[in-house]
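Chemist: Protein chains in written order, with numbering that gives the first Met the number 0: chain A, 0 to 269; chain B, 0 to 175; chain C, 0 to 267.
Just so you know, not all the hints are guaranteed correct.
What the hints assert, rightly or not - Cut-off 25 Å, straight-line C-alpha distance, at most; resulting in silico cross-link-like pairs (PhoX-like, lysine-lysine):
(1) K123/C - K11/B
(2) K26/C - K225/C
(3) K148/C - K104/C
(4) K104/C - K123/C
(5) K225/C - K24/C
(6) K11/B - K26/C
Hints listed in this document are in silico derivations from the structure and should not be mistaken for laboratory results. Quick caveat: nothing in here was measured; it's all calculated off a predicted structure.
Each chain is listed here by its residues.
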Amino acid sequence: MSGEHASRQLIGRYVLGDADIPGDELFALESHLESCAVCRARLADTAADRAPAVGLLLENVWSELEPASRASAPMPVERRWARWLATWASPGMVPWLGVSTLVAGLAWVLAEVYRNGSAVVLLLAPILPLLGVAASWARGLDPAYELVVATPRAGLYLVLRRTLAVLVVVIPLLLVCGAFLHASPGLWLLPCLAYTAGTLAVGGVIGVGRAATALALLWAVFVIAPSIGQQRLSIVLDPRALPVWGAVLVAAAVVVVTRSRAYTRLGSQL
Amino acid sequence: MDEEQLVRRVAKGDRTAFEELYRLTSPWLAVRLRRRCSDDQVVAEVMQETYLAVWRAASSFAGTAAGGSAVGWVWTIAARRLVDAFRRRAHHARTPVVALHDVVSPAAEEEVLAETVGDDLGGALRRLSPELRQVLQAMVLDGLSVRETAVLLGVPEGTVKTRARRARIAMREALS
Amino acid sequence: MIRAVGAAEVAPAAYAWEIRAEGLKVKAGRRLAVDGLDLSLGAGVHGLLGPNGAGKTTLIRSLATVLRPADGDLELLGASVGGRIDLRQVRRQLGYLPQEFGYYKRFTVREFVEYMAWLKEMSKKDIPAAVQRAIERVGLADRADDRLKTLSGGMVRRAGIAQAIVNDPRVLLLDEPTAGLDPAQRMQFRELLHEFGTDTCVLVSTHLVEDVAAACTDVLLMDRGKTIFQGTPDDLAAAGDTSAAGDSAIERGYSTVLARTGGGRGSW
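In isolation and in its complexed conformation, chain A is listed as follows (with noise of 0.2 Å):
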């Protein structure tokens, strides 16, 4: 549309409500009116002259405009960060990421004093993921949770989200604590990751939240309490284990992506 503009004709008729100008030089005339400060201009200048109904409209618009934007404060330039953040991590998320920091801080503590460092870690690290995990769909922790559930983006591409982001904070904590105590990743982060999918996947059939819950309990009670009483860390922590999480790993991932519709119903379980 370069260097080409309406005529004055055409935009006069136009102002003063013509309802005969062709559909299409209508049409035309439109669209090259947004873009066109020049033809606006004009417009400006020919409403001016000639249709005084609408000088009178513009007055009247700010007359009460003026005063009403006094009264209202512009939007305040956004807090993106913080909406991006929220995106990842829902507010209830929060205080539960800053509780499995303060049981890895505990655990490093303890382990300070036991000696045992390495063990510790090993026997925390699968099921510290799991309380950021149950926080983020637990229905008494989330108080939006009736309206999240109801949202077309809840299901599966959420709870990646939710637990990417417990991950993101709850793993360079294991590295940190397992740096301090000589335990080597290698160790701990194939368990930990199979476990935490092995949670989606259950979760897919009777709730994350109450997965999360529940296996780790069975963690707990499996394999924690035996460690601590046989003083030797449980069969499923030794090195030659780790194809068998690599496996539980890949087969829950499997599950997890070919059931991905049931996470569409997550309210339905409660």
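Add chains B and C to chain A, keeping to what the hints say.
Modeler: Coordinates of chains B and C only, in the frame set by chain A:
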């Protein structure tokens, strides 16, 4: 200063920029709205709401439209406010739509902005019956959805869809 | 600004009723709260009345796709939601405000509505303008950037209504939306309902009979999991005995119909 820069300054609370933006864009907006609604009071209401929204939410434009036009953004706000105003009145059965006139198509004495609308398309548009053209204007030019168009024109959604389909067929025939 | 109009957008509608249920059964916990309910709702404002425990909230939750039906047919916007279909498409066109409405206290009104708009998969460039419009429609424009915890109960509920309408839903489900609103706000809310009723299917569950009388194009009365009455507010008022309990014609109609079907025998 162009409109985009003005909007960015409005976002920071610059009242002078707001007044200037109003001065530059309100004549165009008023004329365009008056061609869709015959009640000046409704137009005034819609314009007030639109510019108030512009004042309050200017920073959301600066945020989203990278390369979008400020004037286009103002129109999207105004169009929806217009539809809302019609909805409010539809309940009270006072819908102030612009009356349809039969489009008489004079010959080429009129200056045509030929580059925007090609000749075939232009002719087809010209020959469309008024109701079909109205639907096309609402949906294509004003950017309204089927539901919003139905409210604006005061016809059922099914009718809007039928007319839109017929218009598309007519236009496609013109191009082939 | 020219926009392209796709064929799908102007294809004829695939459904006759926005909400259609046949023999719907929904469990709340272990109890069958909705027991063989039939429903056909199109555009307009439909009021849902009934005693406590009638199953109103369970019905609304099942329409919001939060609860899975135990039995029967339920179709929303032509899509059957009982089976194993993808609910996302339907949910994009839903608006829902639950009775117990939880929210994140540290969010501002705008942030909250924007978060919900994101969850409803609205396109990113549309969200800010739609949020602004929703906030203005519920009359919270001046408090848009205040945190929710600083607002009164009525304002919080209005923020909840804003998130329900931000995506311009075709089906709007409101459970006790006027709780905590003063009479002036209730009147403005009714105006908003009227606006929506022109082209949206709105279902409002409420205890306030006068809200129903003023705002609704038709009324459903529910008791013990079934609909026992469907008609205009005037029909309900006409069904009332002069001797029945109630201060207004429509209240008398309500208690008459309820008593007729054996409900309300000594229970509230």
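Chemist: Please go over all the hints and tell whether each is borne out by the structure.
Modeler: Hint check results:
Between K123/C and K11/B, the direct Cα distance comes to roughly 22 Å. Compliance with the 25 Å bound is thereby established for this hinted pair. Straight-line distance between C-alpha atoms of K26/C and K225/C comes to about 13 Å, which keeps the hinted pair within the 25 Å bound. Distance hint between K148/C and K104/C is fulfilled; the C-alpha atoms sit about 5 Å from each other, no more than 25 Å. For the given pair, K104/C sits about 24 Å from K123/C by alpha-carbon distance, which is consistent with the 25 Å threshold.
Restraint check for K225/C and K24/C: satisfied, since their Cα atoms lie roughly 9 Å apart, inside the 25 Å limit. As the CA atoms of K11/B and K26/C are separated by approximately 53 Å, the hinted pair breaks the 25 Å bound.
Violation of the numbered hints given earlier is confined to hint 6; every other hint is satisfied by the structure.
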